[in-house]
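Given only the sequences and the hints, what does the whole structure look like? Please build it.
This is what each chain is made of:
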Amino acid sequence: MITVNAMGDACPIPVVKTKKALGELNGPGQIEVLVDNETAVKNVTKMAKSTGAQAEQEQLGERQYRVLITVGEGAAAQAGQNGSGSAPANGAVQPDSAAQTPVACPTCVSTVVAVGSDRMGEGSEELGHILMKSFIFAVTQLDQLPDKMIFYNGGAKLTVEGSECLEDLKNLEEQGVEIMTCGTCLDYYGLKEKVAVGQVTNMYSIVETLQSAVNVIRP
Amino acid sequence: MEKEIHLTQFAKHGGCAAKIGPDTLSKVLGRLPKFSDPNLLVGFETSDDAAVYKINDDVAVIQTLDFFTPVVDDPYTFGQVAATNALSDVYAMGGEPKIALNIVCFPENLDPDILGEILRGGADKVREAGAVLVGGHSIQDDVPKYGLSVMGMVHPDKIYKNFGCRKGDVLILTKQLGSGIINTAVKAQMASAESEREAIRVMTTLNKKAKETVQNFTIHACTDVTGFGLLGHCSEMASASDAVIELHVKDIAWMHGAKEYAQMGLIPGGAYRNQRHAAALLDTGDVEEVYVDLVSDPQTSGGLLLAVPESEAGEVLRALERADLGTEVSVVGRVAESGAGAGIRLVQK
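These protein sequences, in sequence, are chains A and B. With my numbering applied, the first sequence corresponds to residues 1 to 219, in that order. With my numbering applied, the second sequence corresponds to residues 1001 to 1349, in that order.
Read the hints as simulated data drawn from the structure, not as lab findings. Here a beta-carbon is modelled for each residue, glycine too, at the ideal position from N, C-alpha and C. Don't take each hint at face value.
Stretch by stretch, here's where chain B covers chain A in the computed footprint (C-beta under 8 Å, at least three residues) [unchecked claim]:
1. 4-17
2. 33-39
3. 58-66
The calculated DSBU-like cross-link candidates involving lysine-lysine, where the alpha carbons are at most 30 Å apart (straight line), are [as the list claims (entries may be wrong)]:
4. B:LYS1349 - B:LYS1167
5. B:LYS1167 - A:LYS49
6. A:LYS133 - B:LYS1250
In structure tokens, the structure reads:
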């Protein structure tokens, strides 16, 4: 067991030390973090849970607390699966397949769908629209949903009012899939006020998301 | 200046997160004698942003002061943030800043050029606000602190109070939220450059343009969101207005990364103090815990929170969009009930 002494440390140092210890542990095991204030107890607990680990709190005395972090077999993999940014609802996704995902970095997301057009494939425009609509529907039917879906350029037209995919996308969002649409693209098409699902994002965030993805699906 | 300066290392608490908790404050202030004067239009009874004193039927003066410890490492930027924050109280009352005085605490052993940069940052913001900076007061102190005392003016009939919102009002916030969490993540060296830049841009944006854009519309209540967080300032508005405010957490504009950092436990202690203070009024429903933390996040130099009648809300939003404030405007919620007790409800659609 690793012991982290964060007594007397001001926010956010206890969290920084805990994160470092989780990195050192790099697998199943236990870490005890000693802190002297309730803010640190809450924050250290959140840090632990964001990586899929479990945390128990205990008050040892006046201004003396212990947070016991347990990283289980599944949690070590889930840390990679779940990332720190995706919705907690994702945590419920099939622990078995999560364990197979060979992810070591705790901030990685496993699957990102990147949609750069409102139609799928080259050729007939009309067919392209039909294919895209059925692609999005098919995503909703996946056993393991993607973590995030990014919409840019023509893809931005899919997340706004009047889009034929809206129902499916809302359904995905409810199940914890993060839906993000490029703000510049919405501006360009004059659709900024019409976004009907998910969040508006920027290029920096898109690049970061794509970089941290283990799988990227481009329809 | 090529030297590495980490101003924030001097400060245990940053910016408005350094505020004394609302619980402690209301206890102490409650024991102070009440002052009354027929010309005092706004005092501290309703925890408003500044004092307003009527001179005649056309002019009232607004008096406010604000200062804090460094929230950012760069001295010039710190000066800008502190001044923007201090000037904001005047805008939150519906007024225009006229005169500003520096408030300075500075360690004797630190390079005076750093102080020069802080003051230059502050002066630039005062100039941008159209006010004049005419001196101030400085003392030696181990922890650097900076801010302004500001005098502003407003027509006595056009004062924005932090109460008076009514059922049906739409609550509009003119800046995205999350500066307390982002500043904490910066201290932990876990913030992305993008988040850090966004927080600085938001904290150094004057509320001048926002106030000027909405001044011809009906505003039932207004305050600026600072150390007590959106939750705390809404509690004050709800209590003083005897209203129930509903915050729609999915509609609120957050700074990039704020949600992620909050989930990682990069939350300033002030957020928990704000939660405790609002606990009696707060119904968190079934929203995710991270949103409770986000709405409690103490803001440094936050935006204006405006209660606008539903019939004008669309127009106000369009006007704010056209004004291109440089920050993200969002509808954070609405007034669900008035006249039947105060409360805050969190809703996650």
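Coverage of the stretch 33-39 of chain A by chain B (three or more Cβ within 8 Å)
holds (count 3)
Can the restraint linking B:LYS1349 and B:LYS1167 be considered satisfied, given a maximum Cα separation of 30 Å?
The hint holds at about 20 Å.
Can you confirm whether chain B covers the stretch 58-66 of chain A, using C-beta to C-beta distances below 8 Å and requiring at least three such residues?
violated (count 0)
Coverage of the stretch 4-17 of chain A by chain B, judged on three or more residues with CB within 8 Å
holds (count 6)
A:LYS133 and B:LYS1250: Cα distance at most 30 Å?
The hint holds at about 26 Å.
Does A:LYS49 lie within 30 Å of B:LYS1167 when you go C-alpha to C-alpha?
violated, 39 Å
Against the hints set out earlier in the document, violations occur for numbers 3, 5.
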